[in-house]
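Peer 1: Using the hints, position chains B and C against chain A.
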Amino acid sequence: MSYIQSVIPFVPILPLFGALVLGLLGKRIYTKFGENVTGVLGCSMPFISAIIAATSFIAINRLDVTERIIRINLMNWVTVADLQLQWTFRYDPLSAVMLLIVTIIGTLIHIYAMGYMKGDKSFWRFFSYLNLFLAAMLMLVLGDNLIIMFLGWEGVGLCSYLLIGFWFTEEQNAIAGKKAFIVNRIGDLGFLTGILLVALFSMKLFGSTNLSFAEFHGNIDVLAEQTFWGLPLLEVIAVCFFIGAMGKSAQIPLYVWLPDAMAGPTPVSALIHAATMVTAGVYMMGRVFFLYTWAPHALGFISIIAALTCFVSATIGMAQFDIKKVLAYSTVSQLGYMFLAMSVGAFSAGIFHLLTHAAFKAALFMGSGSIIVALHHKQDMREMGGLLKKMPVTGYSMIAATLAIMGFPLTSGFFSKDEILWKAFIQGSPMLWLVGFVAAGITSFYMWRLVFMTFFGETRMDKHTWDHCQEQPKRTVVPIAILAVAALTIGFWNVPHFLGGHSNFTNFLDPVVHDLSSSPMENYRKLQLIKEKDQQESTAQTMKTESGHQAAASGHEAVVDHTALEWGLMIASVAWTFFTGFLAYIFYLRNPKAREQIMASALAQRVFMVLNNKYFVDEFYEAVVLTPIRKLFDFLGAFDQMVVDGLVNFAGFMGRITSSFIGIFDNEIVDGLVNGAGWGAQAGGKGASSLQSGKIQTIIGSSLIIFIIIVGCVVLFLR
Amino acid sequence: MMGIPELFFYFFTIMVIGIGCIVAFSKNLLRSAFALFFVLFGVAGFYVLLGADFLAIVQIMVYAGGVNVLLIFGTMLTSDISTPKTSSLSFQGTLTVIAGVTLFVLLAIIINSGNWPTYVPGEMMPTTKDLGKLLLKEYVLPFEVVSFLLLAAIISAVVLVKKGD
Amino acid sequence: MGLTGFLTVSAALFTLGMVIFISRKNAIAILMGVELLLNAAALNFVAFARFTPSQASQLDGQIFAVFIVLLAAAEAVVALAIALSVYKEFHQVRADKLVSLKG
Numbered sequence: 001m002s003y004i005q006s007v008i009p010f011v012p013i014l015p016l017f018g019a020l021v022l023g024l025l026g027k028r029i030y031t032k033f034g035e036n037v038t039g040v041l042g043c044s045m046p047f048i049s050a051i052i053a054a055t056s057f058i059a060i061n062r063l064d065v066t067e068r069i070i071r072i073n074l075m076n077w078v079t080v081a082d083l084q085l086q087w088t089f090r091y092d093p094l095s096a097v098m099l100l101i102v103t104i105i106g107t108l109i110h111i112y113a114m115g116y117m118k119g120d121k122s123f124w125r126f127f128s129y130l131n132l133f134l135a136a137m138l139m140l141v142l143g144d145n146l147i148i149m150f151l152g153w154e155g156v157g158l159c160s161y162l163l164i165g166f167w168f169t170e171e172q173n174a175i176a177g178k179k180a181f182i183v184n185r186i187g188d189l190g191f192l193t194g195i196l197l198v199a200l201f202s203m204k205l206f207g208s209t210n211l212s213f214a215e216f217h218g219n220i221d222v223l224a225e226q227t228f229w230g231l232p233l234l235e236v237i238a239v240c241f242f243i244g245a246m247g248k249s250a251q252i253p254l255y256v257w258l259p260d261a262m263a264g265p266t267p268v269s270a271l272i273h274a275a276t277m278v279t280a281g282v283y284m285m286g287r288v289f290f291l292y293t294w295a296p297h298a299l300g301f302i303s304i305i306a307a308l309t310c311f312v313s314a315t316i317g318m319a320q321f322d323i324k325k326v327l328a329y330s331t332v333s334q335l336g337y338m339f340l341a342m343s344v345g346a347f348s349a350g351i352f353h354l355l356t357h358a359a360f361k362a363a364l365f366m367g368s369g370s371i372i373v374a375l376h377h378k379q380d381m382r383e384m385g386g387l388l389k390k391m392p393v394t395g396y397s398m399i400a401a402t403l404a405i406m407g408f409p410l411t412s413g414f415f416s417k418d419e420i421l422w423k424a425f426i427q428g429s430p431m432l433w434l435v436g437f438v439a440a441g442i443t444s445f446y447m448w449r450l451v452f453m454t455f456f457g458e459t460r461m462d463k464h465t466w467d468h469c470q471e472q473p474k475r476t477v478v479p480i481a482i483l484a485v486a487a488l489t490i491g492f493w494n495v496p497h498f499l500g501g502h503s504n505f506t507n508f509l510d511p512v513v514h515d516l517s518s519s520p521m522e523n524y525r526k527l528q529l530i531k532e533k534d535q536q537e538s539t540a541q542t543m544k545t546e547s548g549h550q551a552a553a554s555g556h557e558a559v560v561d562h563t564a565l566e567w568g569l570m571i572a573s574v575a576w577t578f579f580t581g582f583l584a585y586i587f588y589l590r591n592p593k594a595r596e597q598i599m600a601s602a603l604a605q606r607v608f609m610v611l612n613n614k615y616f617v618d619e620f621y622e623a624v625v626l627t628p629i630r631k632l633f634d635f636l637g638a639f640d641q642m643v644v645d646g647l648v649n650f651a652g653f654m655g656r657i658t659s660s661f662i663g664i665f666d667n668e669i670v671d672g673l674v675n676g677a678g679w680g681a682q683a684g685g686k687g688a689s690s691l692q693s694g695k696i697q698t699i700i701g702s703s704l705i706i707f708i709i710i711v712g713c714v715v716l717f718l719r
Numbered sequence: 001m002m003g004i005p006e007l008f009f010y011f012f013t014i015m016v017i018g019i020g021c022i023v024a025f026s027k028n029l030l031r032s033a034f035a036l037f038f039v040l041f042g043v044a045g046f047y048v049l050l051g052a053d054f055l056a057i058v059q060i061m062v063y064a065g066g067v068n069v070l071l072i073f074g075t076m077l078t079s080d081i082s083t084p085k086t087s088s089l090s091f092q093g094t095l096t097v098i099a100g101v102t103l104f105v106l107l108a109i110i111i112n113s114g115n116w117p118t119y120v121p122g123e124m125m126p127t128t129k130d131l132g133k134l135l136l137k138e139y140v141l142p143f144e145v146v147s148f149l150l151l152a153a154i155i156s157a158v159v160l161v162k163k164g165d
Numbered sequence: 001m002g003l004t005g006f007l008t009v010s011a012a013l014f015t016l017g018m019v020i021f022i023s024r025k026n027a028i029a030i031l032m033g034v035e036l037l038l039n040a041a042a043l044n045f046v047a048f049a050r051f052t053p054s055q056a057s058q059l060d061g062q063i064f065a066v067f068i069v070l071l072a073a074a075e076a077v078v079a080l081a082i083a084l085s086v087y088k089e090f091h092q093v094r095a096d097k098l099v100s101l102k103g
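Chains as they are written, first to last, in our numbering: chain A, 1 to 719; chain B, 1 to 165; chain C, 1 to 103.
Only chain A is shown next, with the shape it has when bound in the complex (with noise of 0.2 angstroms):
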């Protein structure tokens, strides 16, 4: 037993326990001991983990790379027939790296909690669901199975609508927590479909399944000859695996929740709105990217959804005046990029991607929770500005932070990001790139206008806020700093080979991820050519399957030196960001009155207004798909009160008339029988009408029919 197998099962583990323990006892710990020790509390599981996630992390390095994917069972789950499921967890360079971003930004996250949460009467609450949060997490990224990443990806749901609606006594929190649990769903359902279709085909070709991600990747080029409903199946599994990722990473049209998620306290949307859980779609990706390899066109799908969620949600970002809103709106725009990456088989750049985005997103969200904590509450950035003297660090790391994303040289942002537009560019079309490429200075102009905003110029706050505000204490802006110098640092870990790098991340990847050679599409004719070999070479000899496989895979074309065109792309991203950047100097520090005149034209307005309003979407969401539904319920409300109603008083009224007329002509001999009508008509009026009642007899009845229904239609005709 070595060191990492002993030690990982405690990391999920050590948080739920912390959850359980606060959520179980916080309060009285609380009313007894205060603040200060629930909050260490809340810490120490989270740090105690974050210790296990770095010391196995050294671990990991020192093994063969080899063997360097543990697996680690800790007992069977559900042993049945065909499905036999374990309780395993999965340590290789891959969770690693998750592993080593959850813990270690969600202690600092915690710690930051204790002063951003200061007074809040629910204080152990916020911890506990912290909490369970990092634990749903750590098992969503330690899985082995798909079930048990799907038990994660259903509790970091559970947690995001908990916190999201944290404060709930406001009902527009309450309603952007519904309103993100609903949109999950619906992902999860692609998700779940996805799982479902997996499990099948396994069962009815190999007999059993443990549904584990070293069984799907090893049974990858069997499932691949399967159609489901005339599709290729993987076709198939890929689009729903990234329907899910669709409502987890908040990619158009799912995106709509994460925005309004900006409701929940700050700390929230640092560590599950911008670091962790929205990059679980990216992590999914990465983790079954042998799925993907064999499903070129589920990826051009990805591939344009991606560009467009980057672009969209780039343009909204310049528009929007609430700082939380402007980075939500970032965030969603990084996870596109992250997803182009995927799309054009670049995983390992779309994973360092998530991890430098996680760094600085992270210190950005937290500064900016800093100041909405100084200010009072204040989130409108027109009414901050020049800050920067009154709070230096947060300052000083937010601008290290934006730094960092808009891609300045030899930051983090600059070379995850530009590996993905380089592979974009390569791999995928000159298309993907130019979107890639404008969104990348959108960005740039939208975090310095952020940035201008909020700490230079002149203070247009009022001036009792303005003698107020100061710096927060040192729990809150350490944490902070620490993550915005590693946002600056963090970067070197993948300098590409043309810089005079190894892409010493790529490298680390390599025994679980690896990166497509060519573009999907191609890659994808080669691995079937591969294929086609193995089963003409099987019958004649063994040794040259061999040599077909490296021809194949490596040798189809000769290596093309592309260093110059690497170089031009980069510089050319490097000096339209600048240009954006700069242009937001211009407008909203150095010359206010150039953006007012440009501002004043109607076009200009009408644009704003546009991306202002988010382009409409959710008005859009709501006169198409909401409006409808509403309808159709009053449609069924009123049907039920006219016609139901109505038909049944009239049967029954005419059941009575009916009897007593006829009764009047022949009292004794029809008498019981019209009587009988009369009941049964009433009696059936009241079964009717019983259907809306609301009892729970009545609705398990009707699904009882329905079942029957459906069962009976199965029986009959589909045998």
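Think of the hints as simulated: they come from the structure by calculation, not from any bench. Quantities reported herein were computed from a predicted structural model and do not represent experimental measurements. No residue lacks a Cβ here, since even glycine has one placed at the ideal position from N, Cα and C. Don't take every hint at face value.
[To be verified] Dumping the calculated DMTMM-like pairs for lysine to aspartate or glutamate here, alpha-carbon to alpha-carbon at most 25 angstroms:
1. B:137 to C:60
2. B:129 to C:89
3. B:137 to A:82
4. A:121 to A:170
[What the hints assert, rightly or not] Over 10 angstroms on every C-beta distance to chain C, these chain A residues come out as not near it, computed from the model:
5. 54
6. 65
7. 66
[Claimed, not checked] Derived Cβ-Cβ restraints for the label pairs, each shown as a range:
8. A:10 to B:69: 41 to 51 angstroms
9. B:120 to A:531: 40 to 50 angstroms
10. A:715 to B:120: 25 to 35 angstroms
Peer 2: The following block gives chains B and C in isolation, referenced to the frame of chain A:
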């Protein structure tokens, strides 16, 4: 040629279904409760036929001795049994009976057409000892959880009933 | 008297429980329906256990049945306690009359 086990099987079948109908359609709730006792007893008989001796005893002790007595007490405590005429077959009742019969027919079709593994069971062995070993070895976690659940049930029952006072 | 025979009886028990559960008005009668449903499930477990190929899994099925019996006991206790306190509050336990959540 019908053997003794077959005879018992049909006897228990008639007993369970026939008396089950009394449980379902009797107007007197107390009669339903007493009829339930015989249904549960019949199920215990099936357990014996299936070689589950320990389970049959548990069934009789827990169900017939515990749950059923509780149900009878509950009936006596909550309803006016001196005037037993609560109608049990409303309009919904007839509909449910029709639905139930359809459901049963469907299930029977599925069961009788299913391709179950055909296996001739071996000799019946006493199971108590092995069950005990299993409960304390492989199934010790569920076993403890169930013990905890029973404790929680006892406490919550007391709390629920005491709450009004 | 093979497997299908036991399964059919269990299906009949299940249907009876379902009918009671939906059509009876008295909460305690509904509870009886639930007991029948649980018994049907347990009977299925034991029947399958008897007719599977290996001796070890025969006891697995019976263990499940044991747990079902225990759960049914716990459920009956709590449900009856609820029924009693409902009776204290409303002086009746008819499920069709108890439609408001707020007492």
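Peer 1: Are residue 10 of chain A and residue 69 of chain B spaced within 41 to 51 angstroms by their CB atoms?
Peer 2: 48 angstroms, holds
Peer 1: Check the following: the C-beta atoms of residue 120 of chain B and residue 531 of chain A are separated by a distance inside 40 to 50 angstroms.
Peer 2: Holds, since residue 120 of chain B and residue 531 of chain A (Cβ atoms, about 46 angstroms apart) stay within the stated range.
Peer 1: Between residue 137 of chain B and residue 82 of chain A, is the straight-line Cα distance small enough, at 25 angstroms or below?
Peer 2: 24 angstroms, holds
Peer 1: Holds or violated: residue 129 of chain B and residue 89 of chain C, Cα atoms, limit 25 angstroms.
Peer 2: 47 angstroms, violated
Peer 1: Measuring from beta carbon to beta carbon, are residue 715 of chain A and residue 120 of chain B in 25 to 35 angstroms?
Peer 2: The hint (25 to 35 angstroms, Cβ to Cβ) holds, given that residue 715 of chain A and residue 120 of chain B are roughly 29 angstroms apart.
Peer 1: Any Cβ of chain C at or closer than 10 angstroms to residue 54 of chain A, or is the non-interface label fine?
Peer 2: Holds: least Cβ distance 43 angstroms, greater than 10 angstroms.
Peer 1: Need the status of pair residue 137 of chain B, residue 60 of chain C: alpha-carbon distance at most 25 angstroms?
Peer 2: 12 angstroms, holds
Peer 1: Would you mind confirming whether the straight-line C-alpha gap from residue 121 of chain A to residue 170 of chain A stays at or under 25 angstroms?
Peer 2: 15 angstroms, holds
Peer 1: Find the nearest Cβ of chain C to the Cβ of residue 66 of chain A and say whether that gap is larger than 10 angstroms.
Peer 2: 38 angstroms, holds
Peer 1: Is it correct that the beta-carbon of residue 65 of chain A has no partner in chain C closer than or equal to 10 angstroms?
Peer 2: Holds, since 42 angstroms exceeds 10 angstroms.
Violation of the numbered hints given earlier is confined to hint 2; every other hint is satisfied by the structure.
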